[in-house]
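Start from the sequences and build out the full structure, keeping to the hints where you can.
Chain order of the listed sequences is A and B. Per the working numbering, the first sequence starts with residue 264, numbered consecutively. Per the working numbering, the second sequence starts with residue 264, numbered consecutively.
FYI, nobody ran anything at the bench for these hints, they're computed from the structure. Warning: the hint list may mix true and false statements.
No copy labels: a pair is met if it fits in one copy or bridges any two.
To be verified - Lysine to aspartate or glutamate pairs mimicking DMTMM-like chemistry, simulated, CA-CA at most 20 Å apart:
1. Lys456 to Asp378
2. Lys456 to Asp379
3. Lys502 to Glu480
4. Lys502 to Glu442
5. Lys393 to Glu291
6. Lys506 to Glu442
7. Lys526 to Asp514
8. Lys325 to Asp514
9. Lys461 to Glu291
10. Lys325 to Asp408
11. Lys329 to Glu291
12. Lys292 to Asp397
Number of protein chains: 2
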Amino acid sequence: MPIPLVQSNSGPSAQPANPFAAQRAKVEKNLGNVKKAIAVHCGKGGVGKSTFAVNLAVALSKGGKKVGLLDADVDCPSCHALMGMRGRALLDDEQRIVPLSAHNVKFLSAGNMVDDANSANIMRGPIMFKLISDMLSNAAWGGLDYLVIDLPPGTGDNPLTIMQLVPLHGIIIVTQPQEICLTDAKKSANMAKRMGVKVLGVVENMSGSVFSAGGGERVAGLFEVPFLGSIPLQSNIRKFSDKGIPAVLEDGKLLERFRSIIKSALA
Amino acid sequence: MPIPLVQSNSGPSAQPANPFAAQRAKVEKNLGNVKKAIAVHCGKGGVGKSTFAVNLAVALSKGGKKVGLLDADVDCPSCHALMGMRGRALLDDEQRIVPLSAHNVKFLSAGNMVDDANSANIMRGPIMFKLISDMLSNAAWGGLDYLVIDLPPGTGDNPLTIMQLVPLHGIIIVTQPQEICLTDAKKSANMAKRMGVKVLGVVENMSGSVFSAGGGERVAGLFEVPFLGSIPLQSNIRKFSDKGIPAVLEDGKLLERFRSIIKSALA
Numbered sequence: 264m265p266i267p268l269v270q271s272n273s274g275p276s277a278q279p280a281n282p283f284a285a286q287r288a289k290v291e292k293n294l295g296n297v298k299k300a301i302a303v304h305c306g307k308g309g310v311g312k313s314t315f316a317v318n319l320a321v322a323l324s325k326g327g328k329k330v331g332l333l334d335a336d337v338d339c340p341s342c343h344a345l346m347g348m349r350g351r352a353l354l355d356d357e358q359r360i361v362p363l364s365a366h367n368v369k370f371l372s373a374g375n376m377v378d379d380a381n382s383a384n385i386m387r388g389p390i391m392f393k394l395i396s397d398m399l400s401n402a403a404w405g406g407l408d409y410l411v412i413d414l415p416p417g418t419g420d421n422p423l424t425i426m427q428l429v430p431l432h433g434i435i436i437v438t439q440p441q442e443i444c445l446t447d448a449k450k451s452a453n454m455a456k457r458m459g460v461k462v463l464g465v466v467e468n469m470s471g472s473v474f475s476a477g478g479g480e481r482v483a484g485l486f487e488v489p490f491l492g493s494i495p496l497q498s499n500i501r502k503f504s505d506k507g508i509p510a511v512l513e514d515g516k517l518l519e520r521f522r523s524i525i526k527s528a529l530a
Numbered sequence: 264m265p266i267p268l269v270q271s272n273s274g275p276s277a278q279p280a281n282p283f284a285a286q287r288a289k290v291e292k293n294l295g296n297v298k299k300a301i302a303v304h305c306g307k308g309g310v311g312k313s314t315f316a317v318n319l320a321v322a323l324s325k326g327g328k329k330v331g332l333l334d335a336d337v338d339c340p341s342c343h344a345l346m347g348m349r350g351r352a353l354l355d356d357e358q359r360i361v362p363l364s365a366h367n368v369k370f371l372s373a374g375n376m377v378d379d380a381n382s383a384n385i386m387r388g389p390i391m392f393k394l395i396s397d398m399l400s401n402a403a404w405g406g407l408d409y410l411v412i413d414l415p416p417g418t419g420d421n422p423l424t425i426m427q428l429v430p431l432h433g434i435i436i437v438t439q440p441q442e443i444c445l446t447d448a449k450k451s452a453n454m455a456k457r458m459g460v461k462v463l464g465v466v467e468n469m470s471g472s473v474f475s476a477g478g479g480e481r482v483a484g485l486f487e488v489p490f491l492g493s494i495p496l497q498s499n500i501r502k503f504s505d506k507g508i509p510a511v512l513e514d515g516k517l518l519e520r521f522r523s524i525i526k527s528a529l530a
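Here it is as C-alpha cells:
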C-alpha cells in the first residue's frame, strides 16, 4: 500500500488560495515604491545563490539603478558577510527597521540583528515567518528600481513565505551543472509554477569544473524559460567573497557576465 | 535602538526544556534496538552532507555493521537518488512504514514517497515535523548498529526536530574549507552545544580545491572536537553520485578515507 504522507504538488491543480492575504496587503503597501522585486532561488543549498544575489544587486547598482537586497535566509544568513557589512540594523523613530547600506545597495539581513555571527539562530517556521514578514512590511526600503531577495534552499517555509507575501516580478534559478543539483533546480521551477510566480531564467554557476557543464541550459529548455548564462568556478570569486567584497567590483569580466545576465533576465 | 527581533542562542544559558517529550518517548521506544543514531549536519547547504551520509552508511555496512539511513531533508530529498533507489516505500499490515534497502543499508527518504522526483514538496514546518516524526516513530527499522541521519541545511525546523526527538549518539559536521562556509559550520557546532548533543567531529569536504583547504581543522580546534579528516574534491565522486552509486563501492582509496573517519569518530 503506497504511503499517503506526502502530497505531490505538481500537476494541473489550481494555484492555492493565499492564507496570508492580510500580511500580503501590508507588504504590498510598504513596497509600493519598489518597481521590481526579484527572488534568487534553488532547491539545493551551496550552489552560490547568495554570492549570485549579492553580485546581481551590486551590478544593477553599478548600472545606475536604485537597488535593495533582502537576505531571506534568516537562520543561516550570509549576505551581510558577503557585503562586508557586519554592523547592526537599527530602528527609526517610528520603530521601522532601517536597511543598512554598502556598495550603494540598501540591504537587510538577520546577520545584522545578532551580536555573535557564529551563534545559531535556532528558529521554527512561524518565528521565521514573523521575521521575514517584518523585514518586508516594516522596513524603510523607500523607492527602489529593484529589490533582490536571496532565498534559502529548499521548498519549505521561507521560500514559500516570500512567494506568498511579495508581489514578485519573478525568480531567477541558480544551479550547479551536476545531475543531483538539477533535480532541485527543477523543484524550484515547479514550485514557482505552482505558486504562479514567473521564472525569469536559469543561471549555471560553478560551470565547467569538476561539477560538469551544460545542465543549467537543459533545465531552462525543459521549462521553456530563458537560459541566462553561466558563471565559471574561479577562485577569485571565493577569495573576494571571503573578504566581504562583491567580486563584480574587482573583476571586470565577471561584471560583464552579470550585465549580460541582467540584460537577458530583465530587458 | 537595536532591533530585538532575533535572540542569540549562544551563551551560558541552560539547555531548553523539550516541548516534544511525548513524541520523543515514542521515537525512543521505536528506536529501542538502534545502538547509535548519528546525524550529519552543516548550517550551509551544498557542502556534500548527503553524499557524505550515504557513503558513511555504505562504508559502515561494508565493515560488517547493520546500518540504516534516514533522509531528514523532506522537502528536497536526495538520498534516494544517491542510493540509486527510486522505488516507493510501502506500509506493512500494521500500517508501519517499511524502510527500503540498497547496498545492504535500510533507508527511508521522502523521495520514495512521491510520484514525481521533480515535483516540489512545498511544506511548512509543522507538516515536516509530522513527516519526520512518522519516519522515526512509525517505521520498522528493527535492530541496527547505526542509524545515520542526513539533516537538511540551516538551524531551523528539521535539524531542530531531529535533535529534539532522537536520542543521538552525536553529530558529524561536514564543511567546505572556505570562510563563508566555516561560519555556518560554527553555527552547527553551537546549535549542537545548545541542544546538548555531542559533536563527534568535523569533516572537511571538497578539500584542497578552488575552495581552499584547512578550514575544517580550524573549526574543529576552535570547538575542541576531533578533526576527522578531509575528502578531496574529485570528479569521480560526482560522477558515481549522479549515477546513484555510492562512490565508496567503486573507489578503494575513498573507502579507506571513510574507514579512517569512522575509526576517529566512532572508536
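Evaluation of the provided hints:
In this homomeric assembly, Lys456 and Asp378 come within 20 Å of each other (Cα to Cα) only across copies, at 18 Å, whereas the closest approach inside a single copy is 38 Å. Taking the closest pair of Cα atoms, Lys456 and Asp379 come within 20 Å of each other only across two copies (15 Å); inside a single copy the shortest separation is 38 Å, beyond that limit. In the homo-oligomer, the alpha carbons of Lys502 and Glu480 lie at most 20 Å apart only across protomers (19 Å), although the nearest pairing inside one protomer, at 27 Å, exceeds that limit. For a Cα distance limit of 20 Å, the shortest separation of Lys502 from Glu442 across copies, 9 Å, qualifies, whereas the shortest one inside one copy, 27 Å, does not.
Taking the shortest alpha-carbon separations for Lys393 and Glu291, only the intra-copy value of 16 Å comes in at or below 20 Å, while the best inter-copy value is 33 Å. Proximity of Lys506 to Glu442 under the C-alpha cut-off of 20 Å is restricted to the inter-copy arrangement: shortest distance 9 Å between copies versus 31 Å within a copy. Taking the shortest alpha-carbon separations for Lys526 and Asp514, only the intra-copy value of 19 Å comes in at or below 20 Å, while the best inter-copy value is 44 Å. Taking CA atoms no more than 20 Å apart as the test, Lys325 paired with Asp514 passes inside one copy only; the shortest distance there is 13 Å, against 48 Å between copies.
Proximity of Lys461 to Glu291 under the C-alpha cut-off of 20 Å is restricted to the intra-copy arrangement: shortest distance 18 Å within a copy versus 45 Å between copies. For the identical chains of this complex, Lys325 and Asp408 are intra-copy neighbours only, at 13 Å inside a copy versus 57 Å across copies, given an alpha-carbon limit of 20 Å. Only within a single protomer do Lys329 and Glu291 lie at most 20 Å apart by alpha-carbon distance; the minimum there is 18 Å, versus 54 Å between protomers. With identical chains, the CA atoms of Lys292 and Asp397 are at most 20 Å apart within one copy only, with a shortest distance of 13 Å there and 41 Å across copies.
Every hint from the earlier list agrees with this structure, and none is contradicted.
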